[in-house]
Amino acid sequence: MSGIRVTGWGAVSPAGWGVLPLIEVCTNAQPCETAPLTCPGWPKPIPVRRVPPPTPRPTFLAHPRLRRSSSISLHTAAAALEALGPRLEAIQSGQRRLGIVFTSLTGCVSYSRRFYDEVLKDPATASPILFPETVFNAPSSHLAAYLNTQAINYTMIGDPGTFLQGLAVAAGWLLDGRVDLGLVIGAEELDWLVATAQRRFSSDVVISEGAGALVIERAEASGPGIEIDRISEPVLYTAATSQAAAVRRVRNEAGVDNADTVLVDSLTGAPHVDRAEANAWSDWTGPRISVKKLLGEPFAAGSAWQCVVAAEHLSRGRHSSAIVNVVGCNQQAIAARLVAR
Amino acid sequence: MDDIAALKTRIKELMVENLMLQIPAAGIADDQALFGPDSLGLDSVDALQLVVALDKNFGLKVPNPEAARLVLASVNAMAEAVRQKQAGG
Amino acid sequence: MVVTGGGVITALGQGWAPNAAGFRAGHCGIRPVSLFDVSGQRVKVAAEAVVPETIPGSRLSPKRLSRSDRATRLLLTAGHEAWTQSGWETTDRLPLILATTSGGMPLGEAYYRDTLTHPTHRRQQPTRILSYQAQRQGIDLLDSLGCSGSVSIIANACASGSNAIGHAWETVRSGQADRVLAGGYDGLCHLVFAGFDSLQALSPTQCRPFDAARDGLALGEGAAVLALETLESARHRSADILGEIIGYGASTDTHHLTQPHPEGAAALASMHQATQVAGIHPSEVHYINAHGTGTVLNDAAEAAALNAWAGEAVSHLHVSSTKASVGHLLGAAGAVEAAVCLMALDGQWLPPSLSTVTVDPACRFQVITQPAQASLNIALSNSFGFGGANATLIFRRWT
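Residue numbers (our numbering), protein chains in the order written: chain A, 65 to 405; chain B, 1345 to 1433; chain C, 24 to 422.
With the rest of the complex left out, here is chain A (with noise of 0.2 Å):
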């Protein structure tokens, strides 16, 4: 995979906008405070991390395509914009050709529950306004529209490992000479129910929400830079390839390290949603950041910020390559590494 490089990143997290909060929270190993959420018919109120309010409001939120849309939306554009920096200008005017790659797990959940909810009501008045934001591709589209760019544009949904197969596909594009640049998003939006979902399979992982996003470019120049030395094949859970199984190969495969390897692990700190990737790394010895511990459980978005921490990594001379190894929750083992070339 080599040839491909990262060159932007940005971030919206439950620690504020940008990366430099979400870089903070990592280095000092704090994880960010819960809020309840109250859910309907719910005992108790569900901790959950949310995404704090931007202050000041970002003048990209006044964008028409964006007035009517969920947080999600707000999340993909402002860590998309954070990452693109000064390229803006180049995509927009149209001299250079992006290609988009949104993922997700639980999309535009919050108008779609309440556009059913409308529905089950009366189907006669359930808001015309809210369907259109259901659709699972609406984020990349306000995003597009809001960069001008008609280039190839894909939203891929799965668990958390669907963003290193979104970047494995942007990278492909790239290779092929269809784009100038990729821009790999992961996003996801709290609601309650995916709070008191999650709740049917662990009561200790802490759900949150936010948005993580790469760009990436073929790599011309030979000057310092951060690289995709390469993305796994994801390992499938199936009938024959337990969560465990498939995570070791992934661990197997990943190799044994130098001392200047960070891993950017995908542990929740709930024991037994973690134990297939705590025992399968249980012998790396070398540095390593587990985000999610820190942030919480935002899926899509989770992996994305794994790639950012590891990128900032790189960039700031702490260390010369980063692993970033997915354990998703219900479909695929996978685990990339950059380097600092």
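Think of the hints as simulated: they come from the structure by calculation, not from any bench. Treat the numbers as computed from the prediction; the structure is a model and nothing was measured. Just so you know, even glycine gets a beta-carbon here, dropped at the ideal spot from N, CA and C. A few of these clues could be false.
Dumping the calculated BS3-like pairs for lysine-lysine here, alpha-carbon to alpha-carbon at most 30 Å [stated by the list, open to error]:
# : chain 1 : residue 1 : chain 2 : residue 2
1 : A       : Lys-185   : B       : Lys-1352
2 : B       : Lys-1429  : A       : Lys-185
3 : B       : Lys-1405  : A       : Lys-185
Pair by pair, the computed Cβ-Cβ distance ranges are [unchecked claim]:
#  : chain 1 : residue 1 : chain 2 : residue 2 : range
4  : C       : Thr-422   : B       : Lys-1405  : 55 to 61 Å
5  : A       : Pro-111   : C       : Val-319   : 47 to 53 Å
6  : C       : Leu-254   : A       : Ala-309   : 34 to 40 Å
7  : A       : Ala-309   : C       : Val-319   : 51 to 57 Å
8  : C       : Arg-145   : A       : Pro-111   : 18 to 24 Å
9  : B       : Ala-1370  : A       : Gly-333   : 46 to 52 Å
10 : B       : Ser-1383  : C       : Leu-58    : 50 to 56 Å
Take the given structure of chain A and dock chains B and C to it, following the hints.
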């Protein structure tokens, strides 16, 4: 005359809530064009939402797109249509 | 890169042959909705499919099959037919690339209704949450076939099906795999039906694509799956070849979340890309399976794009929309319509839309309104969707 003013304010509040407008209700002028060039910039999805809101809140039925073009032209037009419905019983 | 297996299920029936016969004759599967209460809706019809209870050849346990929802069984039915026809052996390195917009939505709806009545009730709820997710439905198909590999779900609204098959084509073409199983599936659900009705997009009379008096689309359900592999691999196994994919284009219409740009600029871009990659001229395309939903806006924008794309060849162009027969299958539309192109090329016929009576004068091409024989070598399929997702595929007859 104050009930027509109150009705217009109520319609503006409904617009902000239903259409998720980023401006306060008072920021909408009574006679401001809501659709078309240099208007408030609403589109056909907003129009459908307003039709549903008028039905839900005032029982006013806007039967077809032609009627909607007239009734939804401005806050004044909506207030007038609601007043006629209420007057008509 | 060639197609060596295909499976289809729609309101016209189950299986490649019955569907080919239905599309060839222009049959219509649109009927009153029985799956959910439509008494509060403007429109009461859709193209419901008859979904089988059993899946011959499935390795899923009877318990797991009985728990699978409508959309999963549509997917399994089409997937097994394509698999059987391809003659492939089981493998654990099979990429499965699927398109859907609603996944297991009826399970999500049932989950939500239960949380309203008895919120902390456990029974069935965890299973619904899992099977509602499209990636689990993809894994169900691989388990059912006794395979493993990877599952990629593309949710690009109504263009998903063409994107999934196009992405599969590029995956094989770039050497990442020598065979891929690709397709699309969607089952009817109340949320989406009520959604289109709330936008007044459903036709209160009849879905009449490209008709001057058209007034909306009809929804449908179904699935189509294709087995794609390199020519060398197919020749090595001396497999039957259904047809060839020679072009794929994809673009984004940023005009509006649900409405296309009136001139269809993005549609034109995806068609240009596909023809460029295929190395052909529009005049060489003998049949176009249009996106053709039957809404005023889509068909007008698509007509403008087709007129511009075809140029002086436009008057010889034969176009139809099979959505008049099976409705709009959303995530499965692009996949079923790819199958229709392969059927038409193989059988040398043009699928008509019988409901179109007076062709909109904006169409400078010929809209096929009656069944017809024709010598076809190249067919093109368009799929456009909410969010401005635009995709085009081009197929060539295999002789």
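Verification of the supplied hints:
1. A:Lys-185 with B:Lys-1352: OK: Lys-185 (chain A) and Lys-1352 (chain B) at ~28 Å, within 30 Å.
2. B:Lys-1429 with A:Lys-185: 25 Å, holds
3. B:Lys-1405 with A:Lys-185: 19 Å, holds
4. C:Thr-422 with B:Lys-1405: 55 to 61 Å: 60 Å, holds
5. A:Pro-111 with C:Val-319: 47 to 53 Å: About 49 Å separates the Cβ atoms of Pro-111 (chain A) and Val-319 (chain C), which means 47 to 53 Å holds.
6. C:Leu-254 with A:Ala-309: 34 to 40 Å: At roughly 35 Å between Cβ atoms, Ala-309 (chain A) and Leu-254 (chain C) fall inside 34 to 40 Å, so the hint holds.
7. A:Ala-309 with C:Val-319: 51 to 57 Å: 54 Å, holds
8. C:Arg-145 with A:Pro-111: 18 to 24 Å: 21 Å, holds
9. B:Ala-1370 with A:Gly-333: 46 to 52 Å: 48 Å, holds
10. B:Ser-1383 with C:Leu-58: 50 to 56 Å: 41 Å, violated
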